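Colleague: Here is how the chains run, residue by residue.
4 protein chains.
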Amino acid sequence: MKKIDLNSDLGESFGAYKMGLDEEVIPFVTSANVACGYHAGDPLVMAKTVKLCKKFNAAVGAHPGFPDLIGFGRRNIDVTPAEAEAYVKYQIGALAAFCKAEGIKLQHVKPHGALYNMAGKDLELSRAVCKGIKEIDPSLILLGLSGSKMIEAAAEIGLPVALEVFADRGYEEDGSLVKRGKPGSMIEDEGEAIRRVIRIVKEGKVAAVTGKDISIRADSVCVHGDGPKAVEFVRKIGAALKENGIQLAPLSEII
Amino acid sequence: MKKIDLNSDLGESFGAYKMGLDEEVIPFVTSANVACGYHAGDPLVMAKTVKLCKKFNAAVGAHPGFPDLIGFGRRNIDVTPAEAEAYVKYQIGALAAFCKAEGIKLQHVKPHGALYNMAGKDLELSRAVCKGIKEIDPSLILLGLSGSKMIEAAAEIGLPVALEVFADRGYEEDGSLVKRGKPGSMIEDEGEAIRRVIRIVKEGKVAAVTGKDISIRADSVCVHGDGPKAVEFVRKIGAALKENGIQLAPLSEII
Amino acid sequence: MKKIDLNSDLGESFGAYKMGLDEEVIPFVTSANVACGYHAGDPLVMAKTVKLCKKFNAAVGAHPGFPDLIGFGRRNIDVTPAEAEAYVKYQIGALAAFCKAEGIKLQHVKPHGALYNMAGKDLELSRAVCKGIKEIDPSLILLGLSGSKMIEAAAEIGLPVALEVFADRGYEEDGSLVKRGKPGSMIEDEGEAIRRVIRIVKEGKVAAVTGKDISIRADSVCVHGDGPKAVEFVRKIGAALKENGIQLAPLSEII
Amino acid sequence: MKKIDLNSDLGESFGAYKMGLDEEVIPFVTSANVACGYHAGDPLVMAKTVKLCKKFNAAVGAHPGFPDLIGFGRRNIDVTPAEAEAYVKYQIGALAAFCKAEGIKLQHVKPHGALYNMAGKDLELSRAVCKGIKEIDPSLILLGLSGSKMIEAAAEIGLPVALEVFADRGYEEDGSLVKRGKPGSMIEDEGEAIRRVIRIVKEGKVAAVTGKDISIRADSVCVHGDGPKAVEFVRKIGAALKENGIQLAPLSEII
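Line by line, the protein sequences are chains A, B, C and D.
Numbers in the working numbering are just positions in the first sequence, counted from 1, shifted up by 2.
Numbers in the working numbering are just positions in the second sequence, counted from 1, shifted up by 2.
Numbers in the working numbering are just positions in the third sequence, counted from 1, shifted up by 2.
Numbers in the working numbering are just positions in the fourth sequence, counted from 1, shifted up by 2.
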């Protein structure tokens, strides 16, 4: 039976600021990328999010980002590899503490925002991120974009890897995402998005923006929880996958 | 043979800001309280400090504080017990990651500054701190002030405890520290400070500010590394303890 | 004709985090207390909020708080008077820059949250706050709780003062607010809240929680903008005041 | 009589962290670039630094940087022009408040670190910085690198401009600085550094790294205060300039 993981960025509230519909999304995902206090999240939010994940049986991953709360970790910062490695270790360790307190194991690490994008194109930065992860726990799974430098670095270093795809994004023929703003970058139609994901899982193929079919491997589908419509989509895609004989499972059961 | 631990607050540099003579102090202490990025310290500093501790065989402890870098964690903040518990978990986890990366075990936790002082007088806050520590690792040793509420809470909760004394501070008859600013609060003479510590370790006694001898138990002596004179004192007290047949040993060999 | 100001805490969004319905509330208030980047708000939010205030003719005030974003400035921090004075100057100056850029004058200062509460009970802290305000611009109006130490300090120092009342809060016989959690602390019924405010403005009287009428002076009524129901109440109270022959006017036209 | 300004980056301490020998440098410079709390500095430090400047008659300028205390504002951050403009306004306003409190006028603005470098090469970013400055006070002088995009943007927007040179840096034939790390990037010999500055001021010429003389205009010489040797150099260069009939004067007397 085919298996796929559904992952979502969660635990992004901070202090009095609420972001995302975590309570409503967590029951429907199999892996949660939990913010670690740098670009979003705080210790109380992390404690609460990890508890919710445990309750609903969603596997917990760290979602480390740049120390840029005001920019939500979305702005490129010219960090050194040593800084990136140390930031990743710090944040993984902090989140792992809340997992320990709940008696569960941290499953994976997915870098956030600008760190995800920068590392994806920079092998040296990716090596630093992967080294940081491995030195803490070599069984942690790196969740990253297929074809990115992060995947290359993880393979080099010997870190387990999971590949993620985006239900709502178009792909170029080389497997990279169509840049935001370009025609075909977003898949607006929900039904089409769901059909594409099912085909990716079942056949390992997707139609690129040019119309040509390309091969694509997916261990996890990234979904969003930032509004009622997004949450509704998470439910729908989960149900559609099951109806098509695909089992939802956390990364640790796939990799 | 009598044993005593020498502990010092270390790893307090931050970014471009240097604080403390860590390289010079670490070779002479047996336990290091390492700042965890809230009141002081940052991930690169933590990585470097843990490496130095490993190199010189100083045991590593977490030194969690309030999220108040501008106040260096020295200002009382009216946190809830749940906040204190979550802050402590976050910081211990973050530091533990750097220990894991170096293949060493985190030995102890000593709350910093205002958190140390507030918890020392507030049993509910102390319980939250101790609960936070225990849920991460019940073998972590709480290093706290003898007679404080922290020690009471740790006993209640079943956390290993180490008692610290201050070489340069005077004591009231009830074993509490003479308040800063009051006559007798500071022991200015180095020789006297050293003689007092030796007597505390050997006889379990110290002269209170009133002149009356009181009983006092010590597992660790807190020393400072914030200037050349402080560093010189650390060397002297270590040498004097050894000359008096007292062995310097980390907390884990004492508790 | 009787006049009253309606003030609301605004500009509390931060980076990607949205808080409050500023666009909907600003058209209905006469004075806006704008967060200054310490407990809430950021430079882009401040720029946008000041522009909105100018557009809708709401007077702009600074709403300085503690440097405690994670606690939203609601937690007591044991600052020195010198720290409070410097924090207040910094934040007022920062907000005044955005007013200058829009060609409008900063009207008032209302300390936020824990700073408001602590200063209200601590004359020395209030003096520091008032000194900080006066040294920047002695024409700035302090907006504070009637009967509090802030009002006393402002009178001492010679700072213009405006007194605020709360539509949704009960009062003790001495004019202080009934503590949250005690019976009668909140006025739940909207109609009653509005009737109380109208009576305060017209007669200078309100029924204390004991039932006894007390004298009360009001220059401004504090209203909230943190949800659709709150915004609806702002509209209703404004309309009711006008229907009762009371003119809504910013503090600078009242003091 | 020829005039030149000596400027230095000051007020970079933060909380318990001390940086720079401000008390020793301020008496010898004519313009101080004061950190504004984003990359360095805090409200108490700003208050103290402005007081010192007033006492020793050094003109005060704002030294706004990126919100990156952990990186000391030295790391490129991919901010939008709107963010840069708002950050600059916020920080100038905050510092101007401390000037107002001391009854002195803010003289100039010199962007710090990565913001200085990024804006120097990016006209759109420079326009945003200059627009931010001008909207607060069109008489503020922009202090920037000769030949940089900041100077171009200031000319476009109509902001007064002062050009700075570096005593300890080598120049390419096109007037740009020799990149750090390349041979000739640093002028190590103090005597040579001083002779070069005197020639720049008197003749408007300097020998480029290639040996060829180039024309160069200087309104201000940047000096450092981060150690006893640096402070000694500030004294020496000031004395040498005077001995050569050059008057030290703040920017406002030169531009």
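Because the hints were derived from the structure by calculation, they are not lab data.
Computed from a predicted structure; not experimentally measured.
Misleading hints may appear alongside valid ones.
One copy or two, either will do: identical chains are not told apart, so a pair holds if it fits within one copy or between any two.
Here are the simulated DMTMM-like cross-link-like pairs (lysine to aspartate or glutamate), alpha carbons at most 25 Å apart as the crow flies [said to hold, decoys possible]:
no., residue 1, residue 2
1, K204, D228
2, K102, E190
3, K238, E175
4, K53, D139
5, K53, D124
6, K50, D139
7, K50, E126
8, K57, E26
9, K133, E174
Colleague: Hint by hint, note whether the structure agrees.
Modeller: Now for the hints, and whether the structure bears them out:
1. K204 / D228: neither (28 Å within a copy, 47 Å between copies)
2. K102 / E190: Cα proximity of K102 and E190: none, with 40 Å in one copy and 43 Å across.
3. K238 / E175: Neither way: K238 and E175 sit 28 Å apart in one copy and 58 Å across, limit 25 Å.
4. K53 / D139: Both: 22 Å inside a copy, 18 Å across copies.
5. K53 / D124: neither (35 Å within a copy, 27 Å between copies)
6. K50 / D139: Result: close both inside a copy and across copies, 23 Å intra and 19 Å inter.
7. K50 / E126: between (35 Å within a copy, 21 Å between copies)
8. K57 / E26: For K57 and E26, the Cα distance is within 25 Å only inside one copy (13 Å; across copies 38 Å).
9. K133 / E174: neither (30 Å within a copy, 40 Å between copies)
Consistency with the previously given hints fails for numbers 1, 2, 3, 5 and 9, ordered from lowest to highest.
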